[in-house]
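In order, the protein sequences belong to chains D and F. So the first sequence is residues 183 to 628, counted in the numbering used here. So the second sequence is residues 183 to 628, counted in the numbering used here.
Read the hints as simulated data drawn from the structure, not as lab findings. Hints may contain errors.
Identical copies carry no separate label here, and so any pair may be met within one copy or between two of them.
[As the list claims (entries may be wrong)] Within a straight-line C-alpha distance of at most 20 Å, the following computed SDA-like cross-link-like pairs (lysine to any residue) qualify: (1) K581 / R319; (2) K457 / D231; (3) K211 / G296; (4) K367 / S474; (5) K291 / V540; (6) K581 / G280; (7) K367 / A473; (8) K495 / G481; (9) K457 / T232; (10) K380 / T366; (11) K495 / G505; (12) K249 / D538; (13) K457 / Q230; (14) K367 / L282; (15) K256 / A601; (16) K249 / Q480; (17) K291 / L254; (18) K226 / R349; (19) K226 / T489.
Values in this document were obtained by computation on a predicted structure and should not be read as measured data.
Number of protein chains: 2
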Amino acid sequence: MVKSRSTKTKKPAKKPAAKKAVSAGAKLKIALVGFGTVGRSVAKILCQDTNGPLLLTHICNRRIKKKKDASLPKHIRWTENFDDVLASDADVVVELIGGLQPAGDWVRKALRVGKSVVTANKLLISEAGPELLDLARKMGKRLEFGASVAGGIPAIIGIQEGLAGDRLYKIAGILNGTCNFILTKMEKDGTSFDAALKEAQALGYAEANPSADVDGLDARAKLVILIQAGLRLRVRSEQILCRSISSIAAVDFMYASSLDSTIRQISLAQKETNKTVRLAAAVQPALIPAASLMAHAQGSQNIVTATGEFGGKTMFSGYGAGGDPTAVAVISDLYAIARSTGASAEALPGTAEVPDSVSGDFTVPHYLRFIVRDRPGIVAALATILAKYDISIDALLQKPGFPHSALSFVMTLEACDSAVLNRALEEIGRLDFHVEPPLCLPIFLD
Amino acid sequence: MVKSRSTKTKKPAKKPAAKKAVSAGAKLKIALVGFGTVGRSVAKILCQDTNGPLLLTHICNRRIKKKKDASLPKHIRWTENFDDVLASDADVVVELIGGLQPAGDWVRKALRVGKSVVTANKLLISEAGPELLDLARKMGKRLEFGASVAGGIPAIIGIQEGLAGDRLYKIAGILNGTCNFILTKMEKDGTSFDAALKEAQALGYAEANPSADVDGLDARAKLVILIQAGLRLRVRSEQILCRSISSIAAVDFMYASSLDSTIRQISLAQKETNKTVRLAAAVQPALIPAASLMAHAQGSQNIVTATGEFGGKTMFSGYGAGGDPTAVAVISDLYAIARSTGASAEALPGTAEVPDSVSGDFTVPHYLRFIVRDRPGIVAALATILAKYDISIDALLQKPGFPHSALSFVMTLEACDSAVLNRALEEIGRLDFHVEPPLCLPIFLD
Numbered sequence: 183m184v185k186s187r188s189t190k191t192k193k194p195a196k197k198p199a200a201k202k203a204v205s206a207g208a209k210l211k212i213a214l215v216g217f218g219t220v221g222r223s224v225a226k227i228l229c230q231d232t233n234g235p236l237l238l239t240h241i242c243n244r245r246i247k248k249k250k251d252a253s254l255p256k257h258i259r260w261t262e263n264f265d266d267v268l269a270s271d272a273d274v275v276v277e278l279i280g281g282l283q284p285a286g287d288w289v290r291k292a293l294r295v296g297k298s299v300v301t302a303n304k305l306l307i308s309e310a311g312p313e314l315l316d317l318a319r320k321m322g323k324r325l326e327f328g329a330s331v332a333g334g335i336p337a338i339i340g341i342q343e344g345l346a347g348d349r350l351y352k353i354a355g356i357l358n359g360t361c362n363f364i365l366t367k368m369e370k371d372g373t374s375f376d377a378a379l380k381e382a383q384a385l386g387y388a389e390a391n392p393s394a395d396v397d398g399l400d401a402r403a404k405l406v407i408l409i410q411a412g413l414r415l416r417v418r419s420e421q422i423l424c425r426s427i428s429s430i431a432a433v434d435f436m437y438a439s440s441l442d443s444t445i446r447q448i449s450l451a452q453k454e455t456n457k458t459v460r461l462a463a464a465v466q467p468a469l470i471p472a473a474s475l476m477a478h479a480q481g482s483q484n485i486v487t488a489t490g491e492f493g494g495k496t497m498f499s500g501y502g503a504g505g506d507p508t509a510v511a512v513i514s515d516l517y518a519i520a521r522s523t524g525a526s527a528e529a530l531p532g533t534a535e536v537p538d539s540v541s542g543d544f545t546v547p548h549y550l551r552f553i554v555r556d557r558p559g560i561v562a563a564l565a566t567i568l569a570k571y572d573i574s575i576d577a578l579l580q581k582p583g584f585p586h587s588a589l590s591f592v593m594t595l596e597a598c599d600s601a602v603l604n605r606a607l608e609e610i611g612r613l614d615f616h617v618e619p620p621l622c623l624p625i626f627l628d
Numbered sequence: 183m184v185k186s187r188s189t190k191t192k193k194p195a196k197k198p199a200a201k202k203a204v205s206a207g208a209k210l211k212i213a214l215v216g217f218g219t220v221g222r223s224v225a226k227i228l229c230q231d232t233n234g235p236l237l238l239t240h241i242c243n244r245r246i247k248k249k250k251d252a253s254l255p256k257h258i259r260w261t262e263n264f265d266d267v268l269a270s271d272a273d274v275v276v277e278l279i280g281g282l283q284p285a286g287d288w289v290r291k292a293l294r295v296g297k298s299v300v301t302a303n304k305l306l307i308s309e310a311g312p313e314l315l316d317l318a319r320k321m322g323k324r325l326e327f328g329a330s331v332a333g334g335i336p337a338i339i340g341i342q343e344g345l346a347g348d349r350l351y352k353i354a355g356i357l358n359g360t361c362n363f364i365l366t367k368m369e370k371d372g373t374s375f376d377a378a379l380k381e382a383q384a385l386g387y388a389e390a391n392p393s394a395d396v397d398g399l400d401a402r403a404k405l406v407i408l409i410q411a412g413l414r415l416r417v418r419s420e421q422i423l424c425r426s427i428s429s430i431a432a433v434d435f436m437y438a439s440s441l442d443s444t445i446r447q448i449s450l451a452q453k454e455t456n457k458t459v460r461l462a463a464a465v466q467p468a469l470i471p472a473a474s475l476m477a478h479a480q481g482s483q484n485i486v487t488a489t490g491e492f493g494g495k496t497m498f499s500g501y502g503a504g505g506d507p508t509a510v511a512v513i514s515d516l517y518a519i520a521r522s523t524g525a526s527a528e529a530l531p532g533t534a535e536v537p538d539s540v541s542g543d544f545t546v547p548h549y550l551r552f553i554v555r556d557r558p559g560i561v562a563a564l565a566t567i568l569a570k571y572d573i574s575i576d577a578l579l580q581k582p583g584f585p586h587s588a589l590s591f592v593m594t595l596e597a598c599d600s601a602v603l604n605r606a607l608e609e610i611g612r613l614d615f616h617v618e619p620p621l622c623l624p625i626f627l628d
């Protein structure tokens, strides 16, 4: 910590014996932009530790009259105007307003006037991470975003620095706490997706418009950041397949349980380097073994696994969201800046390759669930089409008690390329006995 | 990476266009000291990546004629004499010989002549970590030891930097792969400790003298390092209670299973700050829930959890030993040095506090297993003593089929201070019906 004093203090204090001047000069001055749940946690924790190298000096938010927290120290300057932050003596801007705009412009402006930036903004980093890191590097400042993925779990530093010596080829995770809450709820209580979603909304875990969570967009932004950090590949969010968990029904958990499995929203990216660099990546509901570590993540917990050529599979898990855990990630980033000489921005190198191809196809076993008007010959019709595409059926499961008018049954398939299976499913979808479109889920065994 | 070139190259290359000079000047030159399993993995991985910032230049080991690996590049200089390494132009010494001496002297010498050091030596770091870090800092060099705990799992960087923003008060883990192999083997196959140990020895997982592993000394050294890194407390190994797993019998797994639990060697440290700073820490076999994440660690896997005031519990798991995973940790440390300006040694601050007290006492439920010559009044005698110490019995379990001459049964106790329980057990131990001394295990529920 002592080291950073000399680099942070523009001029040596005239009276080094004067206690106030020295300790103020030693501290990293922090402007908090966005005073919601995470912002409030960051402020609370920063103001509890007055001996450390971090000093909260500014808070910027709309309607500060309403937001102003009288319990925070008097020296903090409150403002509604981001220009005040830019003009201030703050060393670091903590951006917690989220979304692409104005957050993106503000982060760029802060870097351009010579401030380091810490952000929890997954959308912004997944969209513009490499560009912003280039800008930070050019300005001799730091951009840190440990809080943008998996909240309090140190997945980015763990993967990017802790596993720097490995050659990672696979990243998998449960990256969205809302989906995990909904799916573990459905699993435990046997409720429908709609009922579990409503409960998540009532508890504040899900938004009124839950699309970003349940359709996979939130997890996708995080996966893009992990792909850059761990696989060193640069992809755009829209290149990554997303499938909604909203098509999962209570009956799927019954069948999954018969298969000693459960269902989770899994974010998965796999890199294959041969002559070309190919990336397979998707965010989707999938069957995973009930005894697996992934299945262990309950409620809003997150989990990230990284698999490398040398170190095998390493796992990080913990609380992926919430004010305090996310604040821990933000403050850990602030400490990293305080420790550094302030001149580097090494995290997430801008030199990540662009893969030659990106697909959502994995060669894995699959789970197919049908709801049909029962009549003779249905299985034969399905088997004929699957055989045409060289896809082998592994097992056929049918729970008793369904009406003939909406009979549900499940086929599991041996490992096959999901692109080939999708073509078979298109053909299967045209058969006339479906009451609902068939549901197809990959089965991830490890 | 480019940044470090200017700081590493003492003089600018005279012909910057000459490819060889430039690329050689850009690299961090590495001397490997100790060419065993981990050393060979480090050499293999370093020599596969010729474009990176790391260049293996020296290998030092005894009997190099026998050890010399002809597949490694010709430019590597082999030596049996550590003084050659000290006199060389290597920037970093990777110490992989293990043990306190001569490793300690060599690390000190390397730092004193201005080389950074990477080590996997848990004994040395647990014994002399703060002193060596002070020396590194004084010399403007780095000392990194990510490989000293939990092999390939980035637990130290994850806890020390990734969770820097939290206030950690608890560290727990499965830190010894040999014990975990033996105990998971006993659990699965119902074998005795001796049989499982013999298998571990046959497979090369356990040493001929297994004491360091099974008696907890290996895990204790790692726990000391994690206590320093995460709880910021400075303790000596001998202050930490160790209990051997050799007293665990096959029957204990039977009883544990009836309690939906299993048995693992658990390293646990808990910090309590009130007016004084108290540390409770121990390495011992313990009952843990069969459904817990800890119980999930199979065979030689390791797991580390860190619990903080703000971020809750965060978990790291993966392969804690073996050549390649440990090499990943070593090489990740080398990358960290390559990225840095080489002037800081921030990890594991020497400023960690010395706790006011260190004990091995936890207030938790306990498992007591007795093997007795059966006769009336045994339970009454035990219950009377326990009641005297205000300890409540939770349940009494007795599997059928034991002979009267060596009847085994189990008591579980409600949460009580293990120091108080130990006094009760001393008294209980003096009763005359024991065939074997009673076994007491803590039950860790979370």
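Do the hints match the structure? See the list:
no., hint, verdict
1, K581 / R319, "neither (59 Å within a copy, 67 Å between copies)"
2, K457 / D231, "between (53 Å within a copy, 17 Å between copies)"
3, K211 / G296, "within (13 Å within a copy, 34 Å between copies)"
4, K367 / S474, "both (18 Å within a copy, 19 Å between copies)"
5, K291 / V540, "neither (33 Å within a copy, 51 Å between copies)"
6, K581 / G280, "neither (46 Å within a copy, 59 Å between copies)"
7, K367 / A473, "both (17 Å within a copy, 18 Å between copies)"
8, K495 / G481, "between (23 Å within a copy, 14 Å between copies)"
9, K457 / T232, "between (55 Å within a copy, 18 Å between copies)"
10, K380 / T366, "within (14 Å within a copy, 42 Å between copies)"
11, K495 / G505, "between (29 Å within a copy, 15 Å between copies)"
12, K249 / D538, "neither (48 Å within a copy, 42 Å between copies)"
13, K457 / Q230, "between (54 Å within a copy, 17 Å between copies)"
14, K367 / L282, "neither (32 Å within a copy, 52 Å between copies)"
15, K256 / A601, "neither (61 Å within a copy, 47 Å between copies)"
16, K249 / Q480, "neither (33 Å within a copy, 50 Å between copies)"
17, K291 / L254, "neither (27 Å within a copy, 50 Å between copies)"
18, K226 / R349, "between (39 Å within a copy, 13 Å between copies)"
19, K226 / T489, "between (36 Å within a copy, 19 Å between copies)"
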